[in-house]
Each structure stands twice: as C-alpha cells, then as structure tokens.
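Same order as they appear, the protein sequences are chains A and B. Every letter in the first sequence is one number past the one before it in the working numbering, and letter 157, counting from 1, is 157. Every letter in the second sequence is one number past the one before it in the working numbering, and letter 95, counting from 1, is 95.
Because the hints were derived from the structure by calculation, they are not lab data. One thing to keep in mind: the hints can contain errors.
Dumping the calculated DSBU-like pairs for lysine-lysine here, alpha-carbon to alpha-carbon at most 30 Å [what the hints assert, rightly or not]: (1) K46(A) / K32(B); (2) K46(A) / K139(B); (3) K27(A) / K114(A); (4) K46(A) / K28(B); (5) K42(B) / K142(B); (6) K42(B) / K27(A); (7) K139(B) / K53(A); (8) K28(B) / K53(A); (9) K46(A) / K42(B); (10) K32(B) / K42(B); (11) K46(A) / K114(A).
Partial pick of chain B residues on the chain A-facing surface, computed with a CB cut under 10 Å [unchecked claim]: (12) D124; (13) Y125; (14) L126; (15) N128; (16) L154.
Distance ranges between label pairs, derived from CB positions [claimed, not checked]: (17) V123(B) / E49(A): 45 to 51 Å; (18) V164(A) / D57(B): 52 to 58 Å; (19) L74(A) / T90(B): 54 to 60 Å.
We put the CB at the ideal spot given by N, CA and C, even for glycine.
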Amino acid sequence: SKQRSMSSASSNANARLGEQIWQKMPKMNAEFFTLTYGSLVVQLVKDLEDVQKVNEQLEKMGHSIGMRLVDEFLAKSGVTNCSDFAETADVIAKVAFKMFLGVAVDVTSWNAEKTACSLLLYDNPLADYVELPVNVDLYYSNILCGVIRGALEMVQLRVEAYFVRDTLRGDDVNEIRLELKERIKDEMAEEYRRE
Amino acid sequence: GASRPSWMYGKFIENAQGVTAAVAALGKENQKLYFRLFDEYKSEEEYFESLVFVSIDVLDECKERKASQQDMYLGFLCPVDEYQVYGYMTNTMVKFLVIVADTNRLQEAELRDFFRNIHAAFVDYLMNPFVPIDGETIKSSKFDATVEKNVAALERPAAQKP
Chain A
1 SKQRSMSSAS SNANARLGEQ IWQKMPKMNA EFFTLTYGSL VVQLVKDLED VQKVNEQLEK
61 MGHSIGMRLV DEFLAKSGVT NCSDFAETAD VIAKVAFKMF LGVAVDVTSW NAEKTACSLL
121 LYDNPLADYV ELPVNVDLYY SNILCGVIRG ALEMVQLRVE AYFVRDTLRG DDVNEIRLEL
181 KERIKDEMAE EYRRE
Chain B
1 GASRPSWMYG KFIENAQGVT AAVAALGKEN QKLYFRLFDE YKSEEEYFES LVFVSIDVLD
61 ECKERKASQQ DMYLGFLCPV DEYQVYGYMT NTMVKFLVIV ADTNRLQEAE LRDFFRNIHA
121 AFVDYLMNPF VPIDGETIKS SKFDATVEKN VAALERPAAQ KP
C-alpha cells in the first residue's frame, strides 16, 4: 500500500504554525520589495550579460541568505527536528514560505524513495508586475532555490533545488524541484564522540 | 496648428462597429509611447496619427495651466471632423488620449474611469524592472489587454444601439 508522505494532521499543524508566525512578523511595503528585487535582477543582467551567469549568481546570493535565514527561522518557528525528509519539505512549504513570503506552498510529486518532491508556488511576490524580455532564458526567482539550499545545508542536508516551471516563462504555476542528495556527516561530532 | 492636405479632411469610416478609433500615450517630450487603432479605424492610420499631432498643441496649452489644475483628467480637448479627442495628463507629464467618433453617448464618468484604468495599467507597466524609463514605446501584452478591456467598456451593449 502506498504510504502518505505526511499525515494531513501534521501538515495542517504546520500550516497553522506558518500562519501564526506570519501574522506576528513585521511587514514591509510589497511594491518596494518587488522593485528592490527587480532592480537587483536587472542590474545583474546588465552587468553579467550572460543569462546563465545571472541564474547562477541569483542562486549563490540565495544560498548566502538561506544560511543566515535558517537560524531566524528556527528561532521564530520553534521547529526542532524533522523525522524525515518529507517533514522537512512540509515545514519549508507550510511554515517557512508562509512566514517569510506570506504565500501558501504545496508539496507534491514525491519519488518512490521519498528523496525528491516538488514545491508548488501559486503566488510569487518577487515576480509581481514582471514581464520577461522575449527569448531570455532567465530564472527570475532563482534566489529562492538558493535560499532553500543554503538553509538546509546548515541543518546537515545537501540538496539541489531548481525551477522546473515558472509563470514568468509561460507556465501556469511555479514549481521548484527539491532533491535530497545526502545527509552531511558532521565530522567534528564524530571525533567528539570517539574521544 | 499646422494645415493639413485636403485629402485628410473628413475621414468618416463607414460601418464602424465601435465608438473608439484610437488610444494613444505620449511621453514628457510628447514622444509616442503608445498608439493603437481599433476595428475598421485601422485602415486610416496616418489620419488618426495626424489627429494626435493636432491634440499635442492643445495639450501644451493644458501644461501651462497645469500648475493651477488639480485634475489629471483634461476632458474634451478638441473636435476634428467627425471625431473628438479626450485627454488626461499625469504629474509626470505623461499624456493619454482617446479618439472617439463624434457621439453624445460617452459621459464624463465613463471617460474618467477609462483614463484612471489606463493610468493604473501604465503604472503597473512601469513597475516591470525590465522596462526602460527613458520613454521607449510600450510593449506589454498585459497593457494591451487592459487597453482592449477598457475600450470595450466604452462601447454600449449592442442591444442599446439605435
């Protein structure tokens, strides 16, 4: 029988937690936020010229943000250990995306080994008002993939996150594929245990 | 205003379905940001462009009065042959024009709504970070769609036509 990745009760609890923290978070003007990110992307496009480099740079910047953001996340959310990767994905979707971007995200399309899934974003505040120039292979919101990768790296999970669908590129929904590559062994902890 | 060659007088379009002939947007220096013709009026592009030029003179007069004027809606600018031109100017000197076939059907409230919506669409367009601010022509499917929707709103439902 097919096991469900995450019991709906736990997922609903995560959604409620996300909503609660979102309510308490200080807010900023949405247009100013959108314009700030937009001017950053456009500047990168002008400076780097090669669109692939821009995609990489956005991901790198996100990685740096994620590494810092995860501590804020853990402190504000009170989330401790996730028992499995399915729970990790659910927490990212229901708690983290909600409290930082105010959006609801669904987790779907698990593989058999439960090591890869898709995050579906129906609403993306970064992309408000944006229309990409034609024939530009840009993943405008690639910073989000980096944030996920950086944050999970700090809790010993090495992942790959990448867009497979993007509304700015003509798709009907935004889909980030999230793949667990390995659990990072903590070298220091092992040595400590040996002593 | 400049005189026009005689063949440009009186371009009455037979069997035109709609009231709205054209919508235009002009920049600070009156450069053409947007110019769109509708339905059968598309056949007389040069003529309607000339109407836009004629309106620019009137708009420049409005600019002089701008300091004392609170309203961005300029209203009726000038009649030309069978057409009327209505205008709207923002505080950043961007102007919107609509050229309609001479008719008593359009009320001020409808035109105010029209221009307010076009202005809002223009603001949304400028929010796209890829759009250059230095007055290039507006290329946006979202903006086009909003203009179409608002032009359609100016038309009366067919049942009410005489």
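Check each numbered hint from earlier against the structure, then list the numbers of those it violates in ascending order.
Hint check: 3, 6, 8, 9, 11, 16, 17, 19 fail, others pass.
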